[in-house]
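J.: Now for the letters of each chain:
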Amino acid sequence: MKVLMFGWEFPPHIAGGLGTACYGMTRGLARNGVDVTFVVPHAYGDEDQRFTHVLNASEVEALYGSTGSGADDILEKMSFIHIDSNMVPYISPEEYESYHEKYVKSGQHVWSTTDAWKQRYTFSGKYGANLMEEVARYAVVAAQVAKDLEGQFDVIHAHDWLTYYAGIAAKRVSGKPLVVHMHATEYDRSGENVNTQVHAIELNGMRAADRVIAVSNLTRNIVINRYGIPAEKVVTVHNAVRFAEKDTAVPERGVSDKIVTFLGRITYQKGPDYFVEAAAKVLKRVPNVRFVMAGSGDMMNHVIRRVARLGIADRFHFTGFLRGEDVHKMFQLSDVYVMPSVSEPFGISPLEAMRSNVPVIISKQSGVAEVLDYAVKVDYWDVDALADAIYGLIEYPALAKMFASKGLAEVTNLKWNDAAAKIKKVYEDAIEESKNQSK
Amino acid sequence: MKTVCLYFQVHQPWRLKKYRFFNMGKDHNYLDDLQNRAIMQKVARQCYLPMNALLLKLIKENKGKFRCSFSITGIAIEQMKAFAPEVLDSFKELAATGCVEFLAETYSHSLAALASKEDFEEQVKLHTNLIKKEFGVKPTAFRNTELIYSDEIGAMVAGMGFRTMLAEGAKHVLGWKSPNYVYANAIDQKLRLLLRNYKLSDDIAFRFSNQSWDQWPLTADKYVQWLASDETPGEVINLFMDYETFGEHQAADTGIFEFMRALPKAILAKKNGLEFATVTEAAKKYQPVAVLHCPHVMSWADEERDITAWLGNELQNEAFAKLYAQKEKIRTLKNPDFDYVWSFLQTSDHFYYMATKWLSDGDVHSYFNPYDSAYDAFINYMNVLSDFIIELDKAVAAKNARK
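Residue numbers (my numbering), protein chains in the order written: chain A, 1 to 439; chain B, 1 to 403.
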């Protein structure tokens, strides 16, 4: 079976969980005998006038540097197509506009953000002036890709709203069934103040799709209840976690204090505020603990100000945006990992923390809570409960040890092979159904 | 006869390197050696060396009639010794002429006056000793960091034995009064105050090369006419500015050196009725005309002339509070390695980088700021400070264990 997959990021150049998930998923699919052609947006400089770049996987490795997997089985089953585009993961239409403005102001052909504490965006001038235009332009190119690859795939798989129009276009051109994958909904990203354009694209994508994959039952319920998608079309496939082939050495600890970590985009959706308030409560009781907030995002400055006002800045540290090895290092240095997300469709990072033998506290409002038993679960808004849990895990070693070892065993059983097998089944159903419809 | 009092401030902070959370506990070298060296050597080349040479020439040409005053921070002298010893030598040459006065200030260009009396006095003592050692004269006049002044601060300075202090001729403090007279501190009237004439000072320091200024280009003759005319009444005209004005803020090609070369001769021309004096000489020459009441702290910075450039938001207040909370430990430890770091962490520039007020003076702020944002500056400073506190606590514990 062959699948044409529209993603938007791939390790190690990733900004969040979606790239990690795509990587694990494509590997799992390869093991299950599914060939994947992975299409990603990629901003090239002005010197290059081609719209698409077809690469084999080994070129991608060279382009990005080693992904550190060491396993080559995936390379044979995968090929990559880069579509020349400014689209970047986790970008909102408003942000796109502000970056575009900065780009225009800079007067350069290619513009990159320079702030060392934040993740980098690269912008090039030949793209759409706003994100919606760019999404539409991307879809046009995607249709061309689908036409060029005619007969080389059986099903189309699109990840998150940025690529849904591309998926729909590819479906129209090829007549192949479309599976869309909801990693997050607009309700997760923006609370009740949804961006109506984004919401409309999500809705159109799911309506046009033959199957919708949701990353958790939480998300599946939102898809059914708030978007009105028929329940029989929506399938939950929980994400899994990939184990590194070789264990890297545990980095030497610089500080002897316990370290409690928040790692993720510092945005409303991730609940960074609750982490800060809980930290202040814990620090009142226990002196020998440090809190680390790793990541960047639109709430970062707000959080820094709050930390300063609470007077805990000597024990609450910011690392800025982390990538690759640094993320791994951060997990290994942690004693407790906290994910206080207000709304988290799945949340892959606690699994990575557990893999590094770190006990985790997650919010009940996260999809990952559905698959984990050995994680402390609290309501995101319950700062007292969160502070209690942090206190317990750093003060009672027996508790932390229990969560860490049982958690490791638990997370080891969440395999991408199994998740991919479920996805393969979804493909098969979609193909079967579309054959029946066309008869 | 009006007296012109020229005073130059020399300062370079020790800039911190990018210090991340992952460095904590492992890496205790906090300074950006490459940048510090590069900046010190650049400023030495463009400003300190050519300007010192020019001043020396002017002093010799005018046979003692051209006089001026300096204050050089301890931190700047440390960097001269490390990266540009010839600069320090040229200052010593100036000192040897007897026409140049060196003022006392805080060793680290710190905000210690706003922290506590003990911190402040210690900083001043450190600096006074250094100036005595390097230039052979014990300072008799004082200038606080960024001309930060209040009645209380003045009283502390008087208590340390100084008889003259510099302050800003801030409009909100002076009201209708002129800065061109000697004033006295409101608490201890033995302390005389020289107030900066910010208009005439900034004509040189800020506006000199501004081509949209209606007085551009500024020539020495035109400037001296202003000084001599009745439009500038009073007894002493205080022109206080950053020394880096010459060749740095105002680059050589603006003609700033030619302006300064011509200025003394024009000022000393008989018909103008002007003379030069150092800070202490000027303060001694005239009786104070009034007491200056300044209950709230002022400075020479920004449009507001207050201290909000350094202690104006929660980031700055937090960093400041956490820093000075270490004072007791430093005092008991008495370890030169820790004193050294303690000293450069106090420099006001670190707090300046954390300012978020960008309305009226954003240009000036961003000119001096190596960070992309106040938040970056805060994170970096707190990372360094946190590591320093960890090491300090360890050292204090070890010392107590030995007892």
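None of these hints come from the bench; they were simulated from the model.
A hint or two may mislead.
Using 20 Å as the maximum straight-line C-alpha spacing, the simulated EDC-like pairs for lysine to aspartate or glutamate come out as follows [claimed, not checked]:
(1) Lys322/B <-> Asp418/A
(2) Lys394/B <-> Glu303/B
(3) Lys190/B <-> Glu121/B
(4) Lys281/A <-> Glu252/A
(5) Lys425/A <-> Glu410/A
(6) Lys18/B <-> Asp326/A
(7) Lys425/A <-> Asp154/A
(8) Lys18/B <-> Glu391/B
(9) Lys258/A <-> Asp188/B
(10) Lys329/A <-> Glu121/B
(11) Lys26/B <-> Glu395/A
(12) Lys394/B <-> Asp257/A
(13) Lys334/B <-> Glu93/B
(14) Lys65/B <-> Asp203/B
(15) Lys133/B <-> Glu152/B
(16) Lys401/A <-> Asp335/A
(17) Lys26/B <-> Glu97/A
(18) Lys258/A <-> Asp32/B
(19) Lys26/B <-> Glu325/A
(20) Lys258/A <-> Asp27/B
(21) Lys26/B <-> Asp257/A
(22) Lys270/B <-> Asp242/B
(23) Lys329/B <-> Asp32/B
(24) Lys199/B <-> Asp188/B
(25) Lys422/A <-> Glu94/A
(26) Lys265/B <-> Glu328/B
(27) Lys284/A <-> Asp393/B
(28) Lys284/A <-> Asp154/A
(29) Lys18/B <-> Glu325/A
(30) Lys394/B <-> Asp388/A
(31) Lys26/B <-> Asp154/A
Which residues of chain B face chain A? A partial, calculated answer using Cβ under 7 Å [as the list claims (entries may be wrong)]:
(32) Met24
(33) His28
(34) Glu61
(35) Lys65
(36) Tyr375
Computed from a predicted model, the values in this text were never measured in an experiment.
For every residue, glycine included, the Cβ atom is placed at its ideal position computed from N, Cα and C.
J.: It remains to establish, for every hint, whether it holds in the given structure.
T.: Hints, one by one, checked against the model:
Under the criterion of a C-alpha separation no larger than 20 Å, the hint pairing Lys322/B with Asp418/A is inconsistent with the structure, at around 52 Å. Of the pairs offered as hints, the one joining Lys394/B and Glu303/B is violated, with about 44 Å between alpha carbons and a cut-off of 20 Å exceeded. For the suggested pair Lys190/B and Glu121/B, the alpha carbons sit about 19 Å apart, so the restraint of at most 20 Å is met. Restraint check for Lys281/A and Glu252/A: not satisfied, since their Cα atoms lie roughly 28 Å apart, outside the 20 Å limit.
Between Lys425/A and Glu410/A the CA atoms are separated by roughly 24 Å; this puts the pair beyond 20 Å, and the hint is violated. Only pairs whose Cα atoms come within 20 Å are accepted, and Lys18/B paired with Asp326/A is accepted, the gap being roughly 16 Å. Restraint check for Lys425/A and Asp154/A: the C-alpha separation of about 13 Å stays at or below 20 Å, so the hint holds. Simply put, Lys18/B and Glu391/B have alpha-carbon atoms about 19 Å apart, close enough for the 20 Å limit, and the pair holds.
Between Lys258/A and Asp188/B, the direct Cα distance comes to roughly 52 Å. Violation of the 20 Å bound is thereby established for this hinted pair. At roughly 45 Å between alpha-carbon atoms, Lys329/A and Glu121/B are farther apart than 20 Å, so this suggested pair is violated. For the hint pairing Lys26/B with Glu395/A, the CA-to-CA distance comes to about 25 Å; that exceeds 20 Å, so the pair is violated. A threshold of 20 Å between alpha carbons decides the hint, and for Lys394/B with Asp257/A the separation of about 13 Å falls inside it, so the pair holds.
Distance hint between Lys334/B and Glu93/B is unfulfilled; the C-alpha atoms sit about 34 Å from each other, more than 20 Å. Between Lys65/B and Asp203/B, the direct Cα distance comes to roughly 23 Å. Violation of the 20 Å bound is thereby established for this hinted pair. Between Lys133/B and Glu152/B the CA atoms are separated by roughly 29 Å; this puts the pair beyond 20 Å, and the hint is violated. A distance of roughly 10 Å separates the Cα atoms of Lys401/A and Asp335/A; the hinted pair therefore holds under the 20 Å criterion.
Between Lys26/B and Glu97/A the alpha-carbon distance is near 42 Å, which puts this suggested pair outside the 20 Å criterion. For the suggested pair Lys258/A and Asp32/B, the alpha carbons sit about 29 Å apart, so the restraint of at most 20 Å is broken. Between the alpha carbons of Lys26/B and Glu325/A the distance comes to roughly 18 Å, so the proposed pair stays at or under 20 Å and holds. At roughly 19 Å between alpha-carbon atoms, Lys258/A and Asp27/B fall within 20 Å of each other, so this suggested pair holds.
Restraint check: the Cα-Cα separation between Lys26/B and Asp257/A comes to about 14 Å, which is no more than 20 Å; the hinted pair holds. Restraint check for Lys270/B and Asp242/B: not satisfied, since their Cα atoms lie roughly 29 Å apart, outside the 20 Å limit. Using a Cα cut-off of 20 Å, the hinted pair Lys329/B and Asp32/B is violated, with the two alpha carbons roughly 26 Å apart. Distance restraint check for Lys199/B and Asp188/B: the Cα-Cα separation of roughly 28 Å exceeds the 20 Å cut-off, and the hinted pair is therefore not satisfied.
Between Lys422/A and Glu94/A the alpha-carbon distance is near 36 Å, which puts this suggested pair outside the 20 Å criterion. Among the hinted pairs, Lys265/B with Glu328/B is inconsistent with the structure: their alpha-carbon atoms are about 53 Å apart, more than 20 Å. The suggested pairing of Lys284/A with Asp393/B holds, with an alpha-carbon distance near 19 Å, which does not exceed 20 Å. Annotation: proposed proximity of Lys284/A to Asp154/A is violated, straight-line Cα distance about 59 Å (limit 20 Å).
The suggested pairing of Lys18/B with Glu325/A holds, with an alpha-carbon distance near 19 Å, which does not exceed 20 Å. For the suggested pair Lys394/B and Asp388/A, the alpha carbons sit about 29 Å apart, so the restraint of at most 20 Å is broken. Of the pairs offered as hints, the one joining Lys26/B and Asp154/A is violated, with about 54 Å between alpha carbons and a cut-off of 20 Å exceeded. Checking Met24/B against chain A: minimum C-beta separation of about 5 Å stays under 7 Å; hint holds.
With its C-beta approaching chain A no nearer than about 10 Å, His28/B sits outside the 7 Å limit, and its interface hint is violated. With its C-beta approaching chain A no nearer than about 49 Å, Glu61/B sits outside the 7 Å limit, and its interface hint is violated. Because the closest C-beta pair between Lys65/B and chain A is about 51 Å apart, greater than 7 Å, the hint is violated. At a threshold of 7 Å, the smallest CB-CB gap from Tyr375/B to chain A is about 5 Å, leaving the interface hint in force.
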